[in-house]
Structures are given as C-alpha cells and as structure tokens.
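Working from the sequences, and respecting the hints, build out all of it.
Sequence lines, in order, name chains A and S.
Counting in numbering that gives the first Met the number 0, the first sequence runs from 0 upward without gaps.
Counting in numbering that gives the first Met the number 0, the second sequence runs from 0 upward without gaps.
Think of the hints as simulated: they come from the structure by calculation, not from any bench.
We treat Cβ as the ideally placed atom computed from N, Cα and C, and that holds for glycine.
Heads up, some of the hints might be wrong.
For lysine to any residue, the following SDA-like pairs were computed, each having C-alpha atoms within a straight-line distance of at most 25 Å [unchecked claim]:
id	chain 1	residue 1	chain 2	residue 2
1	A	Lys348	S	Met132
2	S	Lys348	A	Glu475
3	S	Lys348	A	Glu580
4	A	Lys519	S	Glu580
5	S	Lys519	A	Gly298
6	S	Lys348	A	Ala604
Facing chain S, according to a computed beta carbon distance under 7 Å, are these residues of chain A, among others [stated by the list, open to error]:
id	residue
7	Pro227
8	Asp362
9	Gly434
10	Arg439
11	Leu452
12	Ile455
13	Ala564
14	Arg574
15	Tyr575
Letter by letter, the chains look like this.
2 protein chains.
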Amino acid sequence: MSLRPTLDFLLYEWLDAAGLNARERFAEHSRETFDAVLDTCERIARERFAPFNRLVDTEEPRFDGEKVILPAATKDAWDAYAASGMLSAAQDYAIGGMQLPYTLEAAAGAFFATASISIGGGLLTVGNANLLMAHGSEAQRRVFAHNEFSGRFSGTMALSEPQAGSSLSDIATRATPDGADYESDPLGPRYRLRGNKMWISAGEHELTENIVHLVLAKIPGLDGRLVPGTRGISLFIVPKKLVDDEGRLTGERNDVALAGLNHKLGWRGTTNTLLNFGEGRYPVRGAAGAIGYRVGQPGEGLRCMFHMMNEARIGIGMAATALGLAGYYASLDYARNRPQGRPVGPQGKDAAQPQVRIIEHADVKRMLLAQKAYSEGALALMLYCARLVDEQHTGAPEAADEARLLLEVLTPIAKSWPSEFCLEANSLAIQVHGGYGYTRDFPVEQYWRDNRLNMIHEGTHGIQAADLLGRKVRMEGGRGLMLLAGRMNATIERALQRPALAEHANALAQALQQLGATTKAAWATENPAEALANAVPYMQAFGHVVLAWTWLDVLLAVGDDAQDAAAVGRRGAARYFFHYELPRIGAWLQVVARRDMSCAQFPEAAF
Amino acid sequence: MSLRPTLDFLLYEWLDAAGLNARERFAEHSRETFDAVLDTCERIARERFAPFNRLVDTEEPRFDGEKVILPAATKDAWDAYAASGMLSAAQDYAIGGMQLPYTLEAAAGAFFATASISIGGGLLTVGNANLLMAHGSEAQRRVFAHNEFSGRFSGTMALSEPQAGSSLSDIATRATPDGADYESDPLGPRYRLRGNKMWISAGEHELTENIVHLVLAKIPGLDGRLVPGTRGISLFIVPKKLVDDEGRLTGERNDVALAGLNHKLGWRGTTNTLLNFGEGRYPVRGAAGAIGYRVGQPGEGLRCMFHMMNEARIGIGMAATALGLAGYYASLDYARNRPQGRPVGPQGKDAAQPQVRIIEHADVKRMLLAQKAYSEGALALMLYCARLVDEQHTGAPEAADEARLLLEVLTPIAKSWPSEFCLEANSLAIQVHGGYGYTRDFPVEQYWRDNRLNMIHEGTHGIQAADLLGRKVRMEGGRGLMLLAGRMNATIERALQRPALAEHANALAQALQQLGATTKAAWATENPAEALANAVPYMQAFGHVVLAWTWLDVLLAVGDDAQDAAAVGRRGAARYFFHYELPRIGAWLQVVARRDMSCAQFPEAAF
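So this is what it looks like as structure tokens:
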C-alpha cells in the first residue's frame, strides 16, 4: 500500500532498470545509487511535500500589488527539491549533474507527484533547461540552463495566448530586432517582444532569484506582417530580470508584467498567470518591449519546443498517474478502517452480525481494484515510456531509432490515458469514502480536482487524439504502429507459452487485430474529415489496448507460481483489466470503423 | 438553447401532460395554468437563483458561535420560492395548495435546479411535509406540514449517523418515552431523543422561523437494548424550537445543537451539518434529551421514510439532470463564440484561413452532442417517472398499480443514471472550455463539483445497484421487470412501423433481450453473493437500455418529416445515443452474465 514496492518491482523486475548501468553514460550507477535517489526523493516528498498539499490548495497564490504571495511551505519544498539535485539529475557530471537515467528520474518524480502535485514546479524548470541544453548557445546554456539546474533560477514555457490556446499558429506576440547590433549580444540575438501570454504556470513568484521565460513569438517580415501558421514562430529567452553574460542580475527588471492570476479548480499550489510582455509597465534600457534572446534559428521555435514535448507529455501522464495512485492509497486506507454494513452471503445479510469494514463488500473491492488497475497500469506505461527515452538517448542506433518511433506513437496515449482514467480512479476514490469523500476533511476530492487539469494542458484530449490518428499511426508509412504491434505480438507470444496467461494473450491478440482493422477502415476513404471524426473514441480504445498489453507484459515478470500478496495483486489487477476494461473497446471502435459522421455532421442550429 | 422549449415539448407533445386535467383532481387545470406556473418559476429562477449561484459557492455557510450565516441572497431565494406557492404546489386547494400534478412540479423544479442547485432547500422541506401528510396525525399535519408548505418552517431528513450512513440498521439514536403522560401530548407520543445525526442538509440556519427535523431513532426495549436491524427504527418530529398545538413558538429552544458544519467539494449553498440531539446544550423542560413526537407506529420509521423515497430519489436524479443541462447550455454558448483553430477538410487544415468557432470542430460537436443526449435524455426520463407518480396517485386502480411497480424498478435508474452520466456531461462541458473551463471565471467547474454529490446522497450508487438487481427486478415474481419490458416492446413495435426508426428499434430489442438474459444469468445460482458481485455494471447497462428506450419513445413524438431545428436535434441526439452509447452495454453485461468474481474474491492483502 505504498508506492515504493510497486516502483521497485516495475523498475528492477520488469524493466531491468539496473541493466542500464551497462551503458557508458550510466556506468557509475548501480542499483545502490538508484535506490539512494529513490530513498532521498521518497523522504523529501514525505517531509516537505505531503504535509502541505491541502495548505497550498486553501492558500491560493495571491498578488499583493507587488509580489505574488505563496505559503512559506512552497519555498521550503522548492529549496529541498533543488538541494536534492533532482533538477539536474539527468545532466552530465561535468556540469554538476548525476547522469541519472530518465527512467529513474521519472520514477523518483512519482514520489513528489503523489505527495503534492501542485506544490512543486520542478517539471517546467527542468523541461525549460533541457530545451536550452538541446537548442541554446553555449552562453545560453551556461547562463540560463545551468542556473535552472542549480535551482537559482526557475523556468516557464510561454506558448499560449488568450486567443491562441490549442491553435498555436495564431499567436500574435511580436519580436523585433533590438537595435542595429541586435545580433552581437553575447546572450544571443536580442529582440524586443510585445504580446500577452496566457496559462503560464509559475509565471510570477519569489521562489527563485529569477524566472527564465521561454516564449514563442513571431518575427514580422519586412512588410511588418506576421507569417501565418506555425512556420513563422521563433523561440526566445525572456528573463524576468536581466542578467549579464555571467548570469549575474544586472539590477534591471525586464518588461514582463503580471496581468492576472488564474483562479483554478485545482492544482492551486502552482501559480498560473497571464503575463504581458512589453506593455511598458517596467520600461527597460530606453526602448519599448521586453528584451528577449532568440534560441535557434528564426521560424524554428515550434520545432525546438516540440523537441521536449514527449518528455513534457510523459510528465503530464505521470502527474495524472500519481494522483490516481494517491487516491487509490487514500481510499484503500479508508476502506480498511471504515466499518459499515454487512457482507452479502448466500442467504443475504444478517443484521444481528456486527458491521464489517467496507473493504469486505464486493462493490468496494471493485472500486479499489479498478483504481489499482488504472493507476498501477498507468505507472507501468509511464516507466516503459521513460525507458524508451533512455533507449532513444543511449541505445544502439537501430534500437534508439525504434525507441524514438515508438515514443511518437505512445506519447499521445501516455499523456491522455492516465488523464482520463486516473481521473476516473479519483472519482471512485471519492465514492469509496461515501459522504466523507465529498468533504474537504479527506484528501480525495482535491486529487479529483487537481487531476481534472491533465486532460486540458499540454495539448487537450482532442489534440492528442488528432495527433495519434491523424499523424502518429501513419507517419513513416505506418512504421510506428507496426513497431508497436510487433512489441505487442512479442508479449503475446511469450504469454502464450504460459497456460495461465493464454486467455489474456488471446484477448489481446484479438483486440490488436481489431485496432489494426479499425485504423485501416478509418482511413479507407483517405479523407481526414471522415477519419478524424471519431479520433477521441479511437484514442480511448487504443489506450485500453496499450494498457492491456502493459498489464500482460507486467505479468510476464510475475511467476505463475508466485503466491505472495504483490503477485496475487498484480494478477488480479490484470485480470480485472482484461475482464472489465478491455471489452469496452468494441463500443469505441465501431464508430471509428464505420466513419460515423453523427457528430461531425450534426447541424449547429440543432443543438 | 434554453430549457423551456425542451420542457414544453416533453410535457405536451410527448407526455400529454395537458391531458391530466381530464382527471378530477386536476380538473381546474389547463395548459394555461400549467404554463403560468412554468413562467413564474422560470422568472424566479432567473432573477433570484441564477445570479447568486457563484456567490453561494464562494460564501460558504459559517457558524459564528450562535448562528449559521448565509448570504442574504439565500434568504431572498427562499422567500421568493415560498411566495411562489411551489412548496405546496401539489397540495389540496383546501389547505392552500394548487393541486398541481407532480409532473408539472418536477418540470418547474428544473428551472431552479439549473439556475442554482444549492441555493434552494425546498426539496427537503416538501419531502418532509409530504411524509407528514401521509403518516402524521391531524395535529402533526396541521402544526408542522402546513407551516412547511407556507414556508414559515423548513424541514430536514435526519437519517444518517457518523457510524451509520448506508447502513441505517446501525443507527444508535435512542428515543425514550418522556414521562408517564408521554402518549397524551396533542402533537403525538412524546419522547426524549439522544444521539448524533450526520449529513443533515439545511440542519441549521435562520432562513425560517423554525426547523422541523424528521429523525430516525430506536426505542429501547424493556431491557434497555436497541433492536438490531431496521425493524427497530421509529420516526420522530423534533422541532428546533418547541411549538404549541397551534404551531406558535413557545419560546423554548429544543435540545438540538449544531456540532459542526461539513465543508464540501460543492453544493455549498446548502448548509450540511452534524447535529447533536439531547446532548444538554439547550436543556429543555427539566429533563434530558431533545423532545420529539413519534410519527406513525413504533418500528415503522423506515417504512414511513421510504414512502417518500421514490420522489426524493427522482429529485436527486432531476438535480443531476439539471446540472447536466446547465453545463450543456454554458458550453454550447462558449463553443458558439470562441474562435480557435480551423476545420479538418478533405485536404487537412489551411493556416491561411481565419479561425473558426470551435463548434465547427467535429470533436467539440461530439462533446456537445454527448451532453445533449445525456442530459435531455435524463430530463425525459425524470418527467416520465414524475408522470408515473401522478398515475400512481390519480390513475385507475390497475394503471395506478402498474405505475407503482414501474416506479419501483425505474427509481434506482432515475437516481443513479443522471448522477453518473450528467456528471460526465459536466466534465465534457469543462473540456469544451479548454483552460478556461478549469478556471472559476466560468460556471462549468462548479456544476461538475456540485454534481459529484449525486452519486453519494440518498443512497449511493452501490446501494441503488443492489436495490435494482437484488430486489426490484425480482419483486412480485419479476412482474416489475416484465412490465417495463412490455412498455419497451410497445415502443419498439410502434417504432418498427416507421422505417426511419427501425434501426434504433431493432437495436433496442436486441439490448432488451440481452438485459433479460443477463438478469436470469446473474441469478442462475440463486446466490446473492454471486448475483450481486457486479450489481453496478448491471445498473449501468440497465440505465443505458432505459435511456435508449426513452430516446426512441421521444422520437415517436417527433414527425419523421419534421425538419425544424428541434426535431433534427432530437433525432441527432437519439442517433448519438444509439450509435455511441448503447453499444457500451456489452462490456458491462458480460461480467454480470458470467457472475465474474474477479472483484468479489480479490483478497484484501493483495491490494
């Protein structure tokens, strides 16, 4: 009933994470060093995150006119996290990193995310700095990224605008060269930015010395117009406070102004902002606009940003998963201790008997088992994807390329599936608590509210689905989908060797066949409007097939003779998934297969 | 895009509500008087409820040590509601009522519930007073019920206790005779009550002169012990302030003390309390215990309470439905006005084109159509059930008895189905809004939070499912289920006459056959532990079949040639339900049919 044993099993017995230290980059690591990282993170999460999860929900960030005020616990949590070294866990030893595999980084992150998803803002800072490590100049890496890894600065991703959320091609923030010498700034080509950025998490706070905004903006052409579409988008570093080329604050405030705090349903520990760039609130260096340094080439902004998208989306999936796990643990604890009612026996109920704990009721078991199957299954998938990231970065060329392509196909699932089904898990966690679950005296209602964000940010459910069915399963001639099917078939074949797993293996084989046929049928007319009319049901079914495969593959690491509680639990959760969940794909896929236009062609006036 | 046209269609064109005035009780009514009631309620809801829905969420009830403080708007809403006469709408003219059919009362209630579900507490007061009209003495009716109908007093239902929520047989509140003359009190046999009651909505406030608590308690036997089980439960009127036999306040406070306010996830406009009865905070008339007057015979408390359960549960279903509708209207409005992205054409998207409103995207249409199908379908079912209540009360004997039995079977669905699927609708309403839906600047997040209560109160989802599969489909030799199947078959036969409806009719016929076979299979071993192991999936499938039938029956009232927007909308929503929703029953029913014990037999240690 705690996260650690599940992580240990998945990492070491299923994914052979310890085997990663055969690779040069991880040669100085071992199961012992991995365990030390997990120990540290587990402890910090327990001491500095979990006790304050409700506090950061009730004491929402507020702006006093000058500063954004956060509970002191938020600063403590940030400092402890930074001090742990986790911000630079994946980086080279040479710059103070641990050269930790991403698989371990992701696993360790689960401790923080289950303890308090919104108190920590580390994810964005690491993503920001990683992007600069990949696409920034030497000076940009040294001045900005390195200071983010140390925790001295924090980072944001400023993509959306009030009028451009899902549709990034419509951003209107403008970047114009800052003076004739704009190209000779040691921090990179210098521009002046003007525009508004919406939904910027951790966009304003006092947790760190400085905030490094990574901002998408368009450089107008000679005619002063912005290029339509995403090709016109470039990427800029816009620090809240200006720095010199050694990263020291110059004492100048950049023209980045808080326009408003967003007041959210959940995830309240993290400030979410509307920022005005270059509106003139903080005039800087005698000209208009916020100063920004271009990263990479003009017009390559989105490509740079998407470089990090897989990890960002796995991060969202992990957040959703962690909330699912947190709700599962909380409701399991409640169910083990709450007496209520009597079991249904062959003769019904006997009121003269004492009450039993609710975990003895079949329906409560069903709700707990569903949560276990959803959230532990999702955790396995997240770690599998993290392992693919390591493969992509450190594997032999062919394996690395396969990992890259598998990630392309799996990322929409890794992001969307936990967002939907671990949210459902949280609803079940409330239900297990009965009326108490509806009160703020128990943590589950907050998990449910926090988790509702994950289907929205970093690309909505609809965006993920269009990406999956419109692009990912067709890219490179469908090679990604074939590769994934190959992995699933390998699992099926191994499972067929074991009589206890044959039923599941056959069910998965049939589901996979159905998924493949449906993918073909969706595109039979080669008309995107028809193929994508039911992209979300397709993604739901695809996700369920992936999760069924994940559970079957996990069972391959559980001995058929193993009778310890954990083994019985995994077998039971997989069985639940195959019996109760996998059959749901039929209803989802049939509308896709016949390219049902009931929704797409429904006339607006008829709503 | 407003509730009224949908209500008008369902009431008059589908259910022939106007035909009710052929009955003696409703003879003075007509479509005109019904419309006048709907007009009034629509106006009060718009003026006194809707504008304050967010306010009552943010200004939660608080206790200042003496009084529970609510926003002034709550008192205004109560007064306007009471002044409308709706509290006594169904009562005889002789006591100031309107003799309005319940069908109309329920329809009118939808205006208030969509406007602000939690500002109004009328539902409980009416239920309380109705119970007294059915089971109270003449004095109890006159002193308590009549003053509730006028809005001078309000009412509660005090069933649950901290240790006894779903399991009412375990209540421990004790009622002992109050003195030797206890049986001669004009207000009824007088007892002294001691115990704690949990989850009491509107349990303490200053909205009315007095609060009439209806309290379940056990009268100890001669040995001082409480009878185990529900047979030992009796029902008592426990007024917050004592009254004389004319209903005038005597100036004495009864010993009912607020022990705490529950702080909830939603539904915050309604105070929810833990009450202590007879703890000695307000000693009264020189003896210990809160004074209560027994209603009905000793041991008959639960029977009296359940008399009103059908209407209470339809009320919950209507609340869930109304919240579903409110979210649908809000997201429809948003989708019609929010520009974002471009449609997918046969050649994909064209970034040079201007953005379109999101209602033009297929996936947004899917989310809107799902909401429409869920919430308008649920509304139809609620009104159908309300019409059965009228039939039960005013129909010819055989029809009345059929209506009673149909209600027995349908009530668990009427309560549970909207609670689950209109909550899902609210989640889709958030999703349509994207990031804005996650903020408290838009109403949809509150609808979602408010709606989460409905799967919990008035009998949880699990309790409804056990009631449905364990009792309702088997009672009277399965006659209720057969009756319902008969109604469905009648709809199917009529639909088969119309080529445009034949596909749906056949799908429903097949689903009904599957449901019947599964019901038999569940009970094939006559072992409740096996039959009920998957009661919730059974109820979900049952509900979907009922809703498919409802939609098909609604379409019978829509001409095949009608091409007005409303007709096209109903046809499209029904089509959505048959294509996307009804096929889901397969996955739910197969575990029921094979009496899958995966959950029930999962060992506790393995979680």
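A quick look at each hint next to the structure:
A distance of roughly 33 Å separates the Cα atoms of Lys348(A) and Met132(S); the hinted pair therefore is violated under the 25 Å criterion. This hinted pair checks out: Lys348(S) and Glu475(A) have alpha carbons roughly 20 Å apart, not beyond 25 Å. Proposed proximity of Lys348(S) and Glu580(A) is contradicted: the alpha carbons are some 35 Å apart, above 25 Å. Restraint check: the Cα-Cα separation between Lys519(A) and Glu580(S) comes to about 23 Å, which is no more than 25 Å; the hinted pair holds.
Proximity of Lys519(S) to Gly298(A) is assessed by CA-CA distance (about 66 Å); at most 25 Å being required, the pair is judged violated. About 24 Å separates the Cα atoms of Lys348(S) and Ala604(A), which keeps this hinted pair within 25 Å; it holds. The criterion of a C-beta within 7 Å of any C-beta in chain S is met by Pro227(A), whose closest approach is roughly 5 Å, and the hint holds. Checking Asp362(A) against chain S by beta carbon gives a least distance of about 4 Å; that is within 7 Å, so the hint holds.
With its C-beta approaching chain S no nearer than about 5 Å, Gly434(A) sits inside the 7 Å limit, and its interface hint holds. For the restraint placing Arg439(A) at the interface with chain S, the shortest Cβ-Cβ distance is roughly 5 Å, inside the 7 Å limit, so the hint holds. Taken as an interface hint, Leu452(A) checks out: its beta carbon lies about 6 Å from the nearest beta carbon of chain S, inside 7 Å. For Ile455(A), the suggested interface contact is upheld, since its CB lies about 6 Å from the closest CB of chain S, less than 7 Å.
The beta carbon of Ala564(A) comes within 4 Å of a beta carbon in chain S, closer than 7 Å, and the hint placing it at the interface holds. Given hint, Arg574(A) at the interface with chain S, holds; its Cβ is 5 Å from that chain's nearest Cβ, closer than 7 Å. Checking Tyr575(A) against chain S by beta carbon gives a least distance of about 5 Å; that is within 7 Å, so the hint holds.
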